[in-house]
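S.K.: Single-letter residue listing:
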Amino acid sequence: MSDATTDTVAQGPILTDELPQYERVWATPTGWRVLSSVSHRVVGQRFIVTGLIFFLIAGFLALLVRTQLIVPNNTFLDAETYNQVFTMHGTLMMFLFAIPILVGFAVYLLPLMLGARDLIFPRLGAFGYWCYLFGGIIVLSSFVFDAAPDAGWFMYTPLSTKEYTPGLSADFWLIGITFAEIASVTGAVEIIAAILCTRAPGMSLTKMPIFGWYMLVTAFMIAVGFPPLIIGSILLEIERTLDLSFFDPTLGGDPLLWQHLFWIFGHPEVYIIFLPAAGMVATMLPTFVGKPLFGYGFAVAAVVTMGFLSFGLWAHHMFTTGLPSISLSLFSAASTMVTVPTGVQIFCFIFTLGLGRPRLTVPMLFILGFLFIFVIGGLTGVMLASVPFNWQAHDSYFVVAHLHYVLIGGMVFPLIGAFYYWTPHFTGRMMSEQLGKWAFWLMFIGFHVTFFLMHITGLRGMPRRVATYPEGLGWDRLNMLSTIGSYILAAGVAVFVWDFIRHRKTGPLAGRNPWGAATLEWLYPPIAPGHNFHAIPRVHSREPLWDQPELAAGQAHRIEGSLRGAPHGQRETLGCHPVTGEPLQIVRLPTPTWVPMWAAFLIAVAAIALLASAYLVTAGAAVATLIAFAVWAWEPSQSGQTHDTGPEGVLPVNLAHPLGHTHVAIVGTLLVIGALFASVVFAVLYLWNVQPDFTAQAGLADPVYAGAAAALGLVLALAARIAHRTGGSLLLDLVALVVAVAAMAALFHGVLPIDPRATALGATLWVLAGFVAVNLFVLAFWSLFLALRRLTGHVGSNQTVPEMNRAIHAAWTAAMAVATAVILCAPQLEIFA
Amino acid sequence: MANQTTQRSWFALGLGAGVVAVFCLTAVVVAWALASPRHDPVGGWLSGIGRGWSAVAGWYGGDPVAADPNWQAMALQVQGGAAARGQIVFATYGCGACHVIPGVSGARGTVGPSLAGFANRAYVGGVLGNMPGNLTRWLINPPLFSPDTAMPDLGVGQADAADMAAYLYTLGRDG
Amino acid sequence: MTPETSLGQFDVQTALTRAGIGSDLTLTLTLAMAVAGAAIFVIVMGLAWWAWRHEVTPRAWWVWSGGVVFPVATLAVLLIGSTITLAAIGRVDRVAVVIEVTGHQYWWDVIYDPDDRALRDANEVVLPQGVPVTFRLKSDDVIHSWWIPSIAGKMDMIPGRVNEITVTATRTGRFRGQCAEFCGLSHPLMAFEVVVVPPQDFAAFLDALKGEARDADTLQLERGRDVFVTAGCPACHVIRGMVRGGRLGPDLTRVGGRASLGAGMWKMNVGNLAGWIADVQDMKPGAQMPSFNTLSGPDLRALAHYLDSLK
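Residue numbers (our numbering), protein chains in the order written: chain A, 1 to 833; chain B, 1 to 175; chain C, 1 to 311.
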């Protein structure tokens, strides 16, 4: 570090104590204090390891299922246990493994690929992880209480209502999973903001690595796709605990409302699972061919199309529920058409293979396995899109075969390949090529033996979710072979896990860029703990390590770039323009802190208290959580300063700008809030439409109070906007606080005449008003917080980032308040006769 | 040089044969899986081999009159009863709805006593000594021997009763 | 004479057969799609193999043709084929027989001709060969699904709504259907028998269903009938002509004549009946019927014989 050689091209000058200062500022805490780390590398690895553990538990549950089905009339598991086991297998795999582990890879890889020092909201990412872990533990703990959920991973009503599932099992699912979903939603907002706002200078959207596009689309899909499930879960939990009825037809509800809400989430969910894995394939494949991905533009267009299209397919899970013919035709056609963007991506991958002489490494083997298996899964999916075929195959083992082909082929195989590819980055050592080949072949063969025959088993009439089956119908031998195959598949997974565990001791050391990859995460030699980018380089190409020799030559920490070191003793990275990638600001990042963990822990306490019906404790924990959030955000504002970044010139710190990261994040959050609101509105309109007899009995809202709530909402939005434009004002904060509370009260009075217990529609209208009230409460709390900060001198004038964001949230809340008032008063307005 | 080419040819041949063998094996297994349970060519073939082997082994080794005969097992022989047939006959009469009968699919009932280890029992139905004739007569008409029993007269004929009795005597003592 | 049950019979519960118009047309569609799918798979894998082995410069039009034009064309054919098949399955050119089926946890309430004669039976359904039958599907508790794979596709039974599916059985014989929507603990034990008979036999069957239950004509059967009343069975079960009963459980007027017991899961015979009455909760956990293990031995036997006699 002390020899400053300047004879190679593009070596920046090195200050003598710059390196230790930088590494001190970015050091990861050691020992048990590592739990307070919010660095993306640590948080990403936490997600990955936890996800892997849930995968193994869920896989073990699958072995139990297959063992029970090895012979007809088997008594290995009784029906009750079997129902719990298959429900938890699906739940753990879909909610606690698939998405979190992919989020983990994204959290770890994105800043490295994009040229950022950390993820844009590190504490939010850490908070998300703890919510995931605690939520997952709550769900898993249900086994200990003999209350494991047993109504299937999609928990259809009325089976999952209190009448048919008494006890706590469904509540464990509803509360635990909703809690864990916080991680996915916060992850989504963070990924959107990170991809759009923290790329290296010169990395326009078209120069971004393809993985960035895949994750950007996925994050948007999560933001819009998870809310329907969250709303559905909240409605069902309210129905179970407060005896309201959204899904009870005798009170004007409809069991199909649950199915709609679930599948509006559920179908995008499977693409949310597929896309990041395909993005990893799109990253690894070119490395082993040695040429850039063919058809980058095609792939981006396909991914974006898929993101939109996937929201229009959900009713293909409901073809047998008695939908009208027009719906059947539309959803059938749309479901077949999703083949087009999927196929475009597959062809881009295949043609990339043809660009050079591909190397058959272990990751490449898993990619080939992905191609083989996923294409079969896609073809059976097209078959299922055909309505008459669906009427035979729905809810049979044919669907079980199809879903495992697309999920294991489309996600697990790329994931194992990704482990072999990126583990050297995590640990500095390579995994074993030999063991990897064994793992692949055992998994590949075991997978086909298990699941290929299930296509036939299903067409031979075996329904899903049966704890046992009679002998002699023609399913006996097929099931026995499937079970044998599952043990082979498990052996393959075991070999992989063994390799993963033992490679830390015996794996060969990975040199710098062991695979010869093109993307920036391989800039530094794999070291742990690592530091990203002592200086952030300018990027001209999608394959920086191939096209920019100054990056690959010489030592990584000597590369010329901006924000060299940590000159102010603070963690910071560059913020950029969302489209062009030109630098816009310096973003200050937090140091390790315990607050996110505490906040998540308090929410866990609230959730557990809710399960135990200790509502006082729930209320107390909720208040404590709010205080934790206040503590989290209390730090003094840093906006208003400017600093010299070096090659990119002087830039402002923490800019209050519509293209800045907090604004992008708040827009992402409003997308989530908007989707939540839209889901409740959907429920209202659906029940209104489907149960017209009950609409008249729902009761009429008080139009004066409802209108007052809308008006107060608009006043609030106005106050927040003025506060933003005038640089912040204590008076306006207090005005906003009072108006928000008044609006909540008005809303409550507006909806009071409607009896929520009388009809499902009435209950849904209360939920609608309640949702807006929650947003108003957030604004009230926010205004109080800002007022306190201003009073204690923690924020000066013209440091208006929070005011900017509050103004937008207030505007959106005002819009929702107006919409709610219109919906509440619609029967009286007689516009919708 | 020629050696290398020969080696490669053998290797290719072996690999090809291996692939073909795996293919055939897969085809056979799938065909077996899809076949009706009544058609058990593999099973029939295997038991044929088994019978042939027993015949050969018996010709060389066995002595019909063993040195130490098992008189108790012989006492439990049911005249005209085939245990293999009996195992299937239980389903016709619904015995499994009330009794656990090891080896009979779906026989899990807990209304009456489990029949596991039946050959070891001293009594039949708590009223008759456990002997082939008694057991057969019991199966034909239980209420005749135990008027308060819950076990109905199931309309079992002599042949079926003998077969079921033969199967029950395989549970316990030796097997 | 108790008919031979379809339980344990090979090939009675499979979609890979053509015993109904629905299953016939769908099987043709299935085979066509499977063949086309296999061909496409071979082509794509062949393409991947070729790309692996050769170095090429791919063109944009390759992606357009393979990824857009070809799928759109093939899928259009598939959609047209599906639409034609669906229309053909749903085409009803004669007045259909109406059978209303209500799903319960875990049995089926069957009413023939619900708008007119309302003839009630349970767990076994008789269909006329070649005549369209409209099933009116309801549910009393959770979502069930009515599936006879050998004859047609399935349709869900959803509380609060009535779904209809029209099927036409083309082959006589015994088939088996099963509930195809997870409905609780004994969902795997909720099946039903389907008997397809010539139309004149169907008419005769309906006429027989109108009548009352067979008389008890021996001492034991009379004793069984008395036990039926004193044990409280009429609270849930109807035996027409004998005693007024509740509709919470299956109609037992012709229970002995059904081939199976417990919704298609056990052979109908005296032994299974006795075991069912004595401990139904062990045979079918979660069923709404309690176990009647308080009957004396002779009473239990008599009751089982009586029910078996109701053919």
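Rather than coming from a laboratory, the hints here were simulated on the basis of the structure.
The beta carbon of each residue, even a glycine, is placed where N, CA and C say it ideally should be.
Treat each hint with caution, since some may be false.
Facing chain C, a subset of chain A residues (Cβ under 8 Å, in silico) [as the list claims (entries may be wrong)]:
| # | residue |
| --- | --- |
| 1 | Gly-295 |
| 2 | Gly-343 |
| 3 | Pro-358 |
| 4 | Arg-465 |
| 5 | Leu-473 |
| 6 | Arg-477 |
S.K.: Against this structure, judge whether each hint is valid.
M.R.: Hints, verified against the model:
1. Gly-295: Cβ of Gly-295 of chain A sits 5 Å from chain C, so the hint holds.
2. Gly-343: 5 Å, holds
3. Pro-358: Because about 6 Å separates Pro-358 of chain A from the closest Cβ in chain C, which is inside the 8 Å limit, the hint holds.
4. Arg-465: Arg-465 of chain A check passes; min Cβ-Cβ to chain C is 4 Å, inside 8 Å.
5. Leu-473: 5 Å, holds
6. Arg-477: 11 Å, violated
Going through the hint list in order, the structure does not satisfy hint 6, though it satisfies all others.
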